[in-house]
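Asker: Sequence lines, in order, name chains A and B.
By the count of my numbering, the first sequence reaches residue 134 at its end, each step adding exactly one.
By the count of my numbering, the second sequence reaches residue 846 at its end, each step adding exactly one.
A few of these clues could be false.
Said to hold, decoys possible - Straight-line C-alpha distance at most 30 Å; calculated DSBU-like pairs for lysine-lysine:
#1 B:K772 to B:K505
#2 B:K103 to A:K74
#3 A:K74 to B:K88
These are calculated hints, taken from the structure and not from any lab test.
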Amino acid sequence: MAEQSEYVTLVSYDGFEYILPRSAACISGTIRRMLDPSSKFSEALTGRCVLENMTGIVLEKVCEYFLYNEKHKDQTNVPDMEIPPELCLELLMAADYLDT
Amino acid sequence: MATMRARQKIRAPRRGFASAQKTDDFDSIWTVLSSSLTEINTKNASALSFEELYRNAYKIVLMMRGEELYEKVKTLEQEWLQNEVQKRITGSISSSLIRSHKSVDVQDPASERRAAGEKFLAVLKGAWEDHQLCMGMITDVLMYMDRIVSGDHTKPSIYVAAMALFRDHVLRAAVSSDTQTNVANVLESTVLFMIQLERAGHMIERPLIRHCIQMLEGLYETTTEEESSKLYLTILEPAFLETSKEFYQAEGQRLLEIADATTFCRLASQRIAEEQERCRYTLSTITEQKILDLVDEELIRKNIEEVVNLEGTGVRYMLDHNQIDGLRNVYELNARVDKKKEALTKQVYSRIVELGREINASTTLAVQAPALSTGEKDAASGEKKSEKGKEKEKPAANQQTVIAIRWVDDILALKRQFDNIWGKAFLSDQGLQGSIMTSFSEFINMNPRCSEYLSLFFDENLKKGIKGKTESEVDTLLDNGITMLRYIKDKDLFETYYKKHLSRRLLMKRSASMDAERQMISKMKMEVGNQFTQRIEAMFKDMTISGDLTNSYKEHIARSGDPDQKRVDLEINVLTSTMWPMEIMPATKEGTVQLPCIFPREIDSLKQSFEKFYLDKHNGRKLSWQASMGTADVRASFHRSNGKVQRYELNVSTHALIILMLFNDVPSSESLTYEEIQVQTRIPDHDLIRNLQSLAVAPKTRVLKKEPMSKDVKPTDRFFFNNEFQSPFVKVRIGVVSGGANKVESLDQRKETEKKMNDERGGSIEAAIVRIMKQRKTLIHSQLMTEVLSQLSARFVPDVNMVKRRIESLIDREYLERVSEEPPTYGYVA
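Please model the complete structure; the sequences and the hints are all you need to start from.
Answerer: Following this line, the structure appears as structure tokens:
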């Protein structure tokens, strides 16, 4: 645990894995606490979070949002992100769950 | 987004793919959660998946049973704290800690108690840190629940609730079933004990205590967590302040008894630093101000006065021995408790006045001494005499001058000493400066001759003191004098003396440097004001004009082609009589107009020639000749008995010149009696005696012989021209005995000066009254008095009775009138 990896892995319920920068993943309050090194949960030790209630499609969109958010962090007048309407309810639930 | 693409179909979220596998049953999920939470409490979290716990809590909340979960978690934590943590802590409390809580002053098992205390604190600290960490993790896991359940602020977050549990079930838990003492009490007594140890000079485990204090700071009495309800503030701080108060009361007493003032101040400063450090590293910074106030109050304010006045070691001793560090300590301590530093100020003040009185007393003593013993004073004034060399003066008067100058020097030295202390030890404090000033002014004005002495000091320095000194040295010297002038209340008296002394310097050309004189005047002007120096400046102007006049007279003579080859060179000073001190002009001194002395023919023609020249230039002026102030250079031939002729150039006073010229017409074997001389010259008795003394009695300049040979000159004495006069120099300066030098006045002169002073003051007071009344038309008596006093205080301190008399006299002369009696009011009569 001495060296914190710069990247973390997010795994969906159906097995898709997404590797993204730690800083981007920590936009989510839940994931940030999950990875907090002072609490020694297994996720913090391995840097791998299995999100049991998300499908790969939803998680992909979530990751896309993380990166989108990080990229445009300090800017104004940012173009809206493309959200497929059929996913929006599931994304809302994911947002609630992830405290994003 | 949904409205924008309203036509598109929104797919319902697929539910249940996660929960489908497991039951949605609350109890089963709780079982999983509770076992995990216990794992966290026992620090076995690494096997747990945060996501799983989080998801479980999430599900429970979605089932709308979040509050139930909240309560269950609380119960779980409470049981954990009660059963595990509390036992561990009470177990670590040894009997010695409890026992000594009951009687704090049991000192014997100190080391045992200390070890037990440290162990207890360490366990408590460990428990606290564990609790904090675990609750942090649990709160994280239950974040979703917190958001929903405590989101509306009806309940404290689970973290706060758990902290309150710790407070109630660990700190407030009874140590054992049969006592009232709880853990917090033990903690308090232990911490206080540790501090007591540290105050006694032992090393203690500061970080450990600091951690426990932090714990108390992290816990609150209420769940709303206001600043003021910190357990630290409610439990420990009052107890700490209470014991500190007792400690410092005792400490103050102890130090007063055993230590001297220096040590007291050093230790007190040390204590203050210690307490500051303690608050920073052991306790909490919020206590710093409170404990410092307490130390100030108990240790310093109650004792500082005694310390300052401590016999033998107090401020007085420090002042005498110039202990800057000690004084600085006293000052700093006193400044902490009292803005005005009253105790210190008082002591400094009285010490200065005391020292000043000593100087005054020694001066008075020395003034009286010369009358008794001549031998001693000669030894004392030896230094001065060697400087003066040729000047022949009566040693007694000379001695007084030395005393006067020594008085000024002593005071200046004292002033320097205190300035030094003030700058270094009192950090240039304004209030103390004021006190030092007043004290100096007080004792300086106690000496009735202060003005005269100071003026003599200037006189001495401007005559010879500044020879061979650099400009800056002269500058400091004058500045020192000016500083003293600032203290003198009767500045008009000083002005009189200064003018008198200055006039002598100017007319006899004794001043060492005109630049220094001018510098002096500009300094005085800055210090006391324009009005003060006006007349003095006028004296300088007279001198310059006289120089021009002399030159133009010389030219005039050269042009007119006076055939007289034996013409006498004239250097004249025309003085404005109102500007110059009148007592140097003896003709007006005694009230009766004295006939001017008879000048020899050569001089008289010169005098008439100049008078004509001057009156041609300035119509309507009157010249009166002051022979007593002049000097003359005479070339005198002495016919030795062996036939040789020896020539000397004699520098004598004008009166002496007149006397010597008489002997031109007298054969060398003949003599003149005192009376003959007086009749032929009409020189006033007083001047004649002095001049004859210097010509015939003073050993080095005996140009005349006297019969009988004695010190005094009597009307029956006979005088011969001394052809055997010898001197190693060609030019011989013959000073007039006690005429030329400025020295302390005799009692009679002094009375006269005072009388004149009073007349002059009377004039000033009347002028002031009229000025004020002219402006105000009517004024109540008391107001008039205040105004007069304030107007005149720059020059002197008027006597109230004198002012009253002046008002009376103005009423008599119908400048003022009484307007009403109650209250007494005056009106101005135009």
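Asker: Check the structure against each numbered hint from earlier and tell me which ones fail, lowest number first.
Answerer: none
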